[in-house]
Amino acid sequence: MDPQSQPKLTKLNQELKYRLRHWLPGIFALAGILLSIIIWSFLIQNEYVHQRFVTSLKSALPWIVLVAGIAIALLGGIGIRLLQLMHERSATLARIDQNYKNEIVERMRAEDTKQKLEIALLQGQKLQAIGTLAGGIAHDFNNILYAIIGYVEMARDDVAEDSLIHKNLGKVLEASKRGQDLVSRILAFGRRHIHHEYQPLHLKTITESVFALLKPTIPASVSIDIIGMTDDYLIVGDQTQLHQVFVNIVNNAVDAMDGEGDIKIIVSRILANDPFLNQFPDIDNKNYYRIDIMDTGHGMDQHTMERIFEPFFTTKEVGKGTGLGLSTVHAIMQDHQGGITVTSQLGHGTTFTLLLPEYQSALNPEEKEHGYHTVSGR
Amino acid sequence: MATILLVEDDELVRDMLAQMLQRASHHVLQATNGDEAIDVLKIAHPDIMVTDIIMPKKSGITLISEVRNKHPDMEIIAISGGGRLDPTGYLDLSESIGAAVSFEKPVDKAALLMAIDLLLQGKSETTSQS
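Each protein sequence line maps, in turn, to chains X and P.
Just so it is clear: in the first sequence, position 97 is 101 by this note's numbering, and no numbers are missing.
Just so it is clear: in the second sequence, position 69 is 61 by this note's numbering, and no numbers are missing.
Wrong hints could be hidden among the right ones.
[What the hints assert, rightly or not] Dumping the calculated EDC-like pairs for lysine to aspartate or glutamate here, alpha-carbon to alpha-carbon at most 16 Å:
id : chain 1 : residue 1 : chain 2 : residue 2
1  : X       : LYS181    : P       : ASP100
2  : P       : LYS97     : X       : ASP185
3  : P       : LYS115    : P       : ASP39
4  : P       : LYS115    : P       : ASP65
5  : P       : LYS62     : P       : ASP27
6  : X       : LYS208    : X       : GLU362
7  : P       : LYS101    : P       : ASP7
8  : X       : LYS120    : X       : GLU310
9  : P       : LYS97     : X       : ASP144
10 : P       : LYS34     : P       : GLU58
11 : P       : LYS101    : X       : GLU157
12 : P       : LYS49     : P       : ASP1
13 : X       : LYS268    : X       : ASP229
14 : X       : LYS208    : X       : ASP229
15 : P       : LYS101    : X       : ASP161
Source of the hints: derived by calculation from the structure; they are not laboratory data.
With these hints in hand, go ahead and build the complete structure from the sequences.
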């Protein structure tokens, strides 16, 4: 059937229903009159019926027919009107019911979004507090290490170079310098927002340079596919920091897959009014790029997922991870006015979703053609 | 050999640096903050002042700005771990208000001693020219 004829048929159907409802009282009245005539014909032709009754019935017949007709007409009309009212009322109730259902679903959705935002906000505040605390501790610890290194260096000068004491003090120096390296990482985490040049960047250039950098270190048994990337995806950011983000997540993915599996990077453009953005706090009303980095690794449980961005939280063996990688990534994404979320299931891999704001002037073709000005970040 | 005023609030670091400078044959005067350093400078005339920046009571920045004009012959070396901020910010500031050179903690021993030697050399050349 021609799909366009469907609305016409529906309209015709409605028209018929309307007419029937209004003609029914008349039809009932006619039916009553006809029935009376039939009964009357039966009575006058039946010789067994008492002649007197027939006579009186004959004289009363016009009245009976009239009253019966009126009664049928009235009752039919009232009945139909009642049916009509019932139908209308049912439709209204159904509509109200649907509205309530929609409202409940909407409220549940809003409540869910609110809850997610609160968790993300709390997580952000917690990370900020830990970062500040870590920065403070790191500064004092730096002084302690500086004293240790200074004293050990002097003590080494006092003993013969071929002595065991000299050798052992060398080990103390080595350990202290490892500690110093850790401190400088923590301080870098606390100071990450200082001295960074934010400038318009092609998202494609960043990912390409990251994978050129990572390629020699990734086993051949791990495949990396980038889907949906186009040349005109522009963001504003610090290239080094964004490299750090991608390198960190991809390296974690490779580790999670024990050196074998697939990494998919799916890039898409999200419009400002997309409900997907509701789960991110501190999001402005602008377009974003969404980058999903999916691996086929061993995944993680809920507890790990909740703590994954906390500084010093690591699932790696002692000495293999500082627990600062993803917390720094989280901080960098916030500094870029973007966001990061993680979804995972044990045994089914992990997906990190990055969100970076689109460069606003990207829509200006003149600027697009002639290059970009450097802008300062936060 | 030179007289060096060492201003540092952290006792461990101060003692370590004092020993390091003494081993390099320098005479070391010590102060734990800017106020104490001002008191020391009332009675002594060190060749060089090595000062930390973030200290209680009087910071290294205030100290440098106060003593720069009063003791034009004294060279100043600023050192800082930076607290919760990037130390390069404080160190740049210290150089702009009068420190001859600045170092981020942990300071390399050889670099600090070399800086002191170069500053002393510069001072003696200036003195001999005048």
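So, going through the hints one by one against the coordinates:
1. Distance restraint check for LYS181 of chain X and ASP100 of chain P: the Cα-Cα separation of roughly 12 Å lies within the 16 Å cut-off, and the hinted pair is therefore satisfied.
2. For a cut-off of 16 Å, the pair hint linking LYS97 of chain P to ASP185 of chain X stands: about 13 Å separates their Cα positions.
3. Restraint check for LYS115 of chain P and ASP39 of chain P: the C-alpha separation of about 9 Å stays at or below 16 Å, so the hint holds.
4. For the proposed pair LYS115 of chain P and ASP65 of chain P, the alpha carbon gap of about 8 Å is at most 16 Å, so the pair holds.
5. Proposed proximity of LYS62 of chain P and ASP27 of chain P is supported: the alpha carbons are some 15 Å apart, at most 16 Å.
6. At most 16 Å may separate the alpha-carbon atoms for a hinted pair to count; LYS208 of chain X and GLU362 of chain X meet this at roughly 13 Å.
7. Our distance criterion of 16 Å between C-alpha atoms is met by LYS101 of chain P and ASP7 of chain P, whose separation comes to about 14 Å.
8. Of the pairs offered as hints, the one joining LYS120 of chain X and GLU310 of chain X holds, with about 12 Å between alpha carbons and a cut-off of 16 Å not exceeded.
9. Between LYS97 of chain P and ASP144 of chain X, the direct Cα distance comes to roughly 11 Å. Compliance with the 16 Å bound is thereby established for this hinted pair.
10. Taking the CA atoms of LYS34 of chain P and GLU58 of chain P, the gap is about 13 Å. The hint holds against a cut of 16 Å.
11. About 9 Å separates the Cα atoms of LYS101 of chain P and GLU157 of chain X, which keeps this hinted pair within 16 Å; it holds.
12. Only pairs whose Cα atoms come within 16 Å are accepted, and LYS49 of chain P paired with ASP1 of chain P is accepted, the gap being roughly 10 Å.
13. A distance of roughly 5 Å separates the Cα atoms of LYS268 of chain X and ASP229 of chain X; the hinted pair therefore holds under the 16 Å criterion.
14. Distance restraint check for LYS208 of chain X and ASP229 of chain X: the Cα-Cα separation of roughly 13 Å lies within the 16 Å cut-off, and the hinted pair is therefore satisfied.
15. Taking the CA atoms of LYS101 of chain P and ASP161 of chain X, the gap is near 12 Å; set against the 16 Å cutoff, the hint holds.
Comparing the model with each earlier hint shows no violations; every hint is respected.
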